[in-house]
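Peer 1: Listed below are the residues making up each chain.
Number of protein chains: 2
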Amino acid sequence: MSMDQKKQTAKAWFEELRDQICASYETLEDDYAGPFKDQPAGRFERTAWDRKNEDGSPGGGGVMSVMKGRLFEKVGVNVSTVFGTFKPEFAKNIPGAAEDPRFWASGISLVAHPHSPHVPAAHMNTRFIVTTKGWFGGGGDLTPTFPDDRDTADFHDAFKQACDRHDPVYYPKFKKWCDEYFYIKHRNEPRGVGGIFYDNLEKDWDADFVFTKDVGQAFRDIYPALIRRHMDKGWTAEERDALLHKRSRYVEFNLIYDRGTLFGLKTGGNIDAIFMSLPPEVKWG
Amino acid sequence: MSMDQKKQTAKAWFEELRDQICASYETLEDDYAGPFKDQPAGRFERTAWDRKNEDGSPGGGGVMSVMKGRLFEKVGVNVSTVFGTFKPEFAKNIPGAAEDPRFWASGISLVAHPHSPHVPAAHMNTRFIVTTKGWFGGGGDLTPTFPDDRDTADFHDAFKQACDRHDPVYYPKFKKWCDEYFYIKHRNEPRGVGGIFYDNLEKDWDADFVFTKDVGQAFRDIYPALIRRHMDKGWTAEERDALLHKRSRYVEFNLIYDRGTLFGLKTGGNIDAIFMSLPPEVKWG
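First to last, the protein sequences are chains C and D. Position one of the first sequence corresponds to residue 1 (our numbering), numbered consecutively onward. Position one of the second sequence corresponds to residue 1 (our numbering), numbered consecutively onward.
It cannot be assumed that every hint is accurate.
Said to hold, decoys possible - Straight-line distance between alpha carbons at most 27 Å, and here's what the computed DSSO-like set of lysine-lysine pairs gives:
#1 C:Lys266 to D:Lys283
#2 C:Lys266 to D:Lys266
#3 D:Lys92 to C:Lys87
#4 C:Lys185 to D:Lys92
#5 C:Lys283 to D:Lys185
#6 C:Lys283 to D:Lys266
#7 D:Lys266 to C:Lys185
#8 C:Lys92 to D:Lys92
#9 D:Lys68 to C:Lys283
#10 C:Lys87 to C:Lys11
#11 C:Lys7 to C:Lys92
#12 C:Lys176 to D:Lys266
#13 C:Lys92 to D:Lys185
Honestly, the hints are just simulated from the structure, not real lab data.
Isolated chain C (complex conformation) (with noise of 0.2 Å):
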């Protein structure tokens, strides 16, 4: 397969993959009947926005999906395939762009921030980047205000077999590197449960795309099983708030850590987008 038709195949992915989750995320929000269910099923928006690179030409683009339902207070899956130069200072870090500067990028990114403090929070994202090499990424993790060790095990078995599927040394290996990315220094503390996480996959195209998708199709099929097992079962204030704040250690890492946030506020990304991740609503102290 010729590099174009490599990057014309993994984006196709990553949109389908879109459609199926959303449509799955659709239902869940037909089949609530917890308590806001007098409220009516959430539908995702789309918008697609363009990107323009800093000299004016055309940068690429995506589209956001965005639910605000009454099972997801938000739940935001974007898609978007950029293309330009990477600034001198930023190349340097970036595997391959130092020879040549110019890189292309499809990418699924979903985060999802549902009403209720049972219902966990959950985030993947999975890419294919190319520079001078080309690779593959992603992972996914889920983050319970209050943990469930059957949720969290059955997450983490999910991503198990996908991982094994391919290669033995997957799963500790990205059930590690998980651990370690998402882990808010700071606070000395996990942002979630964990789950997933891996980067510049480059051993053998095919394999690593296939790899690719399992890993989506892992996490497009457990977290909805989890969602069901928890939806409809009512909170009090108190849950709520504790909720409210656990999404603060969220920005935290988000906005302080965050290679995906830092990638999209330094290749002029679409703002909306980059801070989709954002909960809808957050407390402090």
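Fit chain D to the supplied structure of chain C, relying on the hints for placement.
Peer 2: Showing chain D alone in chain C's frame:
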């Protein structure tokens, strides 16, 4: 005056200013007759904290004064006096620290987040930092949800008067520095309506100290005057919502750009004191 006397003199002033300001804000809580007047008037609670250096040796500490009242949703006044050794990669960016990485720093930092969308949020900080050099820095700025021309003019004028007593170049220079410093680049918008910002002031210790006192006193006097203009007025749910969204920009600025936050995180400061600036309730999107 010996350097030791200068340190003690600066520290004592920051603590005296803290006492004056806290007393003034408690009076505002007493005098308040707005929508939450049936709640008890707020009072500051003080919490002392100790800082340890990485090698376990004492590194100073501070006292946080926090009030959650009926006028002030949250106001924090932190005084801290810390000392230790900068890490090499941090030292190279601090004046006078490349030669000798030891530092001493004392300061007062204040952030006020009123409940009412009609009462502006405000920030003030002054500090004395000693490496092989010794300099003052600080400033104050105002963040209204709905800017009021008279408030803005009077706030700027208070600082202009303080500046003009010392040097005619101060006000235009420090006002511009404030506008540049508190600019949220990724949003292409200022954090608020400005004020003044200065740093690395090391001309003449006595004059610099009196100037720094004048800056603190100007803020001490003007902010309560602005608060009294608006504090008893009611607001709509839409206006409150606008405040909560405005606060999200404040969080973005503080976590992505703020030098004081970075300084605190890099020097092992007290996390509650560092994040005292974050608003109690925030909305995104």
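Peer 1: Please go over all the hints and tell whether each is borne out by the structure.
Peer 2: How the hints compare with the structure:
The straight-line distance between the Cα atoms of Lys266 of chain C and Lys283 of chain D is roughly 24 Å, inside the 27 Å bound, and the hint therefore holds. For the proposed pair Lys266 of chain C and Lys266 of chain D, the alpha carbon gap of about 22 Å is at most 27 Å, so the pair holds. Of the supplied pair hints, the one linking Lys92 of chain D and Lys87 of chain C holds, its CA atoms being roughly 24 Å apart against a limit of 27 Å. Distance hint between Lys185 of chain C and Lys92 of chain D is fulfilled; the C-alpha atoms sit about 23 Å from each other, no more than 27 Å.
At roughly 24 Å between alpha-carbon atoms, Lys283 of chain C and Lys185 of chain D fall within 27 Å of each other, so this suggested pair holds. Taking the CA atoms of Lys283 of chain C and Lys266 of chain D, the gap is about 24 Å. The hint holds against a cut of 27 Å. Proposed proximity of Lys266 of chain D and Lys185 of chain C is supported: the alpha carbons are some 11 Å apart, at most 27 Å. For the proposed pair Lys92 of chain C and Lys92 of chain D, the alpha carbon gap of about 21 Å is at most 27 Å, so the pair holds.
The suggested pairing of Lys68 of chain D with Lys283 of chain C holds, with an alpha-carbon distance near 14 Å, which does not exceed 27 Å. The straight-line distance between the Cα atoms of Lys87 of chain C and Lys11 of chain C is roughly 24 Å, inside the 27 Å bound, and the hint therefore holds. Only pairs whose Cα atoms come within 27 Å are accepted, and Lys7 of chain C paired with Lys92 of chain C is accepted, the gap being roughly 23 Å. Between the alpha carbons of Lys176 of chain C and Lys266 of chain D the distance comes to roughly 25 Å, so the proposed pair stays at or under 27 Å and holds.
The straight-line distance between the Cα atoms of Lys92 of chain C and Lys185 of chain D is roughly 23 Å, inside the 27 Å bound, and the hint therefore holds.
No hint from the list above goes unmet by this structure.
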